[in-house]
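In order, the protein sequence lines correspond to chains A and B. Counting in our numbering, the first sequence runs from 3 upward without gaps. Counting in our numbering, the second sequence runs from 3 upward without gaps.
The set of hints was computed from the structure by calculation and includes no laboratory data. There may be inaccurate statements among the hints.
[Unchecked claim] Heads up, simulated DSBU-like pairs for lysine-lysine below, C-alpha to C-alpha not over 35 Å straight-line:
1. A/Lys4 with B/Lys4
2. B/Lys130 with B/Lys197
3. A/Lys130 with A/Lys286
4. B/Lys205 with A/Lys286
5. B/Lys130 with A/Lys286
6. A/Lys205 with B/Lys109
7. B/Lys130 with B/Lys4
8. A/Lys130 with A/Lys109
Protein chains: 2
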Amino acid sequence: MKTINLIQFGLGGVGRAVVQRVLAARDEFEWRYGLQLIYTAISDSRSAAIDLDGFSHAQLQAMVEAKTAGGFLDDTEFGYQSHDLTAIVDIAGTDETIVIDVTATDKTSDALLLALQRGYGAALANKKPLTGPFSLFRQLTSTGRLRYESTVGAGVPVIATLRESILASFDPVQRIQGCFSGTLGFLTTGLEEGKDFSELVAKARTLGYTEPDPRDDLGGMDVARKALILARTLGWPLELSQIPVESLFPPEMATGSVDDFMAGLPTLDEPYRLRVAAAQEQRKTLRYVASLAAGQAEVGLQEVARASALGQLRGSDNLAAFHTSVYNQTPLVLQGRGAGVHGTAAGVLADIVALAD
Amino acid sequence: MKTINLIQFGLGGVGRAVVQRVLAARDEFEWRYGLQLIYTAISDSRSAAIDLDGFSHAQLQAMVEAKTAGGFLDDTEFGYQSHDLTAIVDIAGTDETIVIDVTATDKTSDALLLALQRGYGAALANKKPLTGPFSLFRQLTSTGRLRYESTVGAGVPVIATLRESILASFDPVQRIQGCFSGTLGFLTTGLEEGKDFSELVAKARTLGYTEPDPRDDLGGMDVARKALILARTLGWPLELSQIPVESLFPPEMATGSVDDFMAGLPTLDEPYRLRVAAAQEQRKTLRYVASLAAGQAEVGLQEVARASALGQLRGSDNLAAFHTSVYNQTPLVLQGRGAGVHGTAAGVLADIVALAD
Numbered sequence: 003m004k005t006i007n008l009i010q011f012g013l014g015g016v017g018r019a020v021v022q023r024v025l026a027a028r029d030e031f032e033w034r035y036g037l038q039l040i041y042t043a044i045s046d047s048r049s050a051a052i053d054l055d056g057f058s059h060a061q062l063q064a065m066v067e068a069k070t071a072g073g074f075l076d077d078t079e080f081g082y083q084s085h086d087l088t089a090i091v092d093i094a095g096t097d098e099t100i101v102i103d104v105t106a107t108d109k110t111s112d113a114l115l116l117a118l119q120r121g122y123g124a125a126l127a128n129k130k131p132l133t134g135p136f137s138l139f140r141q142l143t144s145t146g147r148l149r150y151e152s153t154v155g156a157g158v159p160v161i162a163t164l165r166e167s168i169l170a171s172f173d174p175v176q177r178i179q180g181c182f183s184g185t186l187g188f189l190t191t192g193l194e195e196g197k198d199f200s201e202l203v204a205k206a207r208t209l210g211y212t213e214p215d216p217r218d219d220l221g222g223m224d225v226a227r228k229a230l231i232l233a234r235t236l237g238w239p240l241e242l243s244q245i246p247v248e249s250l251f252p253p254e255m256a257t258g259s260v261d262d263f264m265a266g267l268p269t270l271d272e273p274y275r276l277r278v279a280a281a282q283e284q285r286k287t288l289r290y291v292a293s294l295a296a297g298q299a300e301v302g303l304q305e306v307a308r309a310s311a312l313g314q315l316r317g318s319d320n321l322a323a324f325h326t327s328v329y330n331q332t333p334l335v336l337q338g339r340g341a342g343v344h345g346t347a348a349g350v351l352a353d354i355v356a357l358a359d
Numbered sequence: 003m004k005t006i007n008l009i010q011f012g013l014g015g016v017g018r019a020v021v022q023r024v025l026a027a028r029d030e031f032e033w034r035y036g037l038q039l040i041y042t043a044i045s046d047s048r049s050a051a052i053d054l055d056g057f058s059h060a061q062l063q064a065m066v067e068a069k070t071a072g073g074f075l076d077d078t079e080f081g082y083q084s085h086d087l088t089a090i091v092d093i094a095g096t097d098e099t100i101v102i103d104v105t106a107t108d109k110t111s112d113a114l115l116l117a118l119q120r121g122y123g124a125a126l127a128n129k130k131p132l133t134g135p136f137s138l139f140r141q142l143t144s145t146g147r148l149r150y151e152s153t154v155g156a157g158v159p160v161i162a163t164l165r166e167s168i169l170a171s172f173d174p175v176q177r178i179q180g181c182f183s184g185t186l187g188f189l190t191t192g193l194e195e196g197k198d199f200s201e202l203v204a205k206a207r208t209l210g211y212t213e214p215d216p217r218d219d220l221g222g223m224d225v226a227r228k229a230l231i232l233a234r235t236l237g238w239p240l241e242l243s244q245i246p247v248e249s250l251f252p253p254e255m256a257t258g259s260v261d262d263f264m265a266g267l268p269t270l271d272e273p274y275r276l277r278v279a280a281a282q283e284q285r286k287t288l289r290y291v292a293s294l295a296a297g298q299a300e301v302g303l304q305e306v307a308r309a310s311a312l313g314q315l316r317g318s319d320n321l322a323a324f325h326t327s328v329y330n331q332t333p334l335v336l337q338g339r340g341a342g343v344h345g346t347a348a349g350v351l352a353d354i355v356a357l358a359d
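Excised from the complex, chain A in its bound form (with noise of 0.2 Å):
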């Protein structure tokens, strides 16, 4: 049977996710495609746990259990205190090996390069190799052997559709609009209910919704590096410093602690108030929109009609409409769980799929 090995770099939240998908799918994918998955190196964001023979099953999973606990790989029998990517890759790879990378630094494009050069796939739910200069966007993307499905809409399949049916179909893309951002979907329909943003912006904090400083979620950014993502596949050479970003607070509170942050949201109650009254009485509501069209970029919040399929999106589902030549009366849409760790890995894991196949 033919083995395909696994470099991982990152074991957070997706990471784990992404482990125990590939642990429980394992012996369907075996059956299913001829194929073994075995993993040969695992790295965090202090040391790595290498295994040329594949790690075991309760391996694995003493590894998982060691991070959910708060520890790192070198806490474990099986890691050691490395954490040169390059060098994992070289060490750790064969003719047949996916690198999966889904931590959230740039640090690993060195390695992702090194890979694809080799002639291996790789698995991406990080955004920030993809984001850095068009150049080395285009040097990643160039062989067809790396894909990036959850970068944009965790596992809803946005970047396939793109690529493989609108694309492929040679169907002009005339404008693009999304909702990538399930935090900011929770804070407009809350906002659209008539509650207050800091109200919001609290509860989403509670509930894990935002990064442990919301400010990450609220100035945009995330959704600016998804829509360049976007940008990029059509063939745009734009750089994420020409995508004009809307931060849903005022620079004045882009500084200071977070609880001086939190204790001063209440002062920006009113003027979302107003600005909620104001798309209301034109039978619009607010959306945090990425916008594409023309070559151009943008990223903010924008009044849609609530008719709309941005307007009728619920709580943190994110959404995808396509206008194209062909989809031009009505977009093509495509909407669903955008947030969670569970949809972002099973997006990885269909990238590992199509790679593998």
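Starting from the structure of chain A, add chain B where the hints point.
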């Protein structure tokens, strides 16, 4: 440059749109994939045209024009009176060949099986070969070289999402619900707006939304075939006869002329009005739904919540909602133009690209 031979069965509305899209995309296709697409054979319902060197742009345009004017291929200088599809595959195929089936008959199966046996690819918009005996479906699809995106939801990537996102990520499917008839979508949206059933059917017929005999749409068999293809894609060994299908007219109206049928339609207005009113009392609305769950499929008029994805669907758009282990609170939803030759032709082209790539 590598050449890919296209053999196309069918030159009706969809078939002509496929030829036009291939001609329009040819240059970009060569540039993008380094592959040259040539047509070596085309058949219509009476005759065929074969040229092993590949037809020129002008020749293909002439065939499309002849058919658009109501003629047949054997009216042109290229056609000859033969309609043995297996012989056409035998003569016009080479190492790199894709057979395109855009007919609506069950007479293409033998030729498709021969093509697959030779190692060719096949792209189907024709549902009939896939909705015969389950054993034939297995034979046709087991090689992985037969694609059928356009059979369900036209260009909306329902099949690709099911196969390459959901099944590929080993995400168990609990339930699929879909609206897969633009015609019946037009009718149910109209009923919701208070219009009479008879008036809506007459209008749909005038607009060309229905087959010449509207009973072909109202009977639900076309939707049942789509449900069967989805069920079989899930691996369920169902037969068409095992799918309960609700017809939108009573059995006594199944015989007789189209004119008699149209004249009898007003007798159905009051029953439908009552049914719509009963649904609306519960904040629901009627949709013609294909439902798949627990190994079973059924097709018919359902009361769905107005606030659900199906309830919010408008007009002739198609929709598929996948309820899975990952998409458990809200479904993964795909929505877009499901009717018309252009969406279908786009789906066929995406299949050709996937097979060629």
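Quick rundown of the hints versus the structure:
1. A/Lys4 with B/Lys4: Holds, at about 29 Å.
2. B/Lys130 with B/Lys197: holds (34 Å)
3. A/Lys130 with A/Lys286: OK: A/Lys130 and A/Lys286 at ~34 Å, within 35 Å.
4. B/Lys205 with A/Lys286: holds (32 Å)
5. B/Lys130 with A/Lys286: violated (45 Å)
6. A/Lys205 with B/Lys109: violated (61 Å)
7. B/Lys130 with B/Lys4: Holds. B/Lys130 to B/Lys4 sits at ~32 Å (cutoff 35 Å).
8. A/Lys130 with A/Lys109: holds (8 Å)
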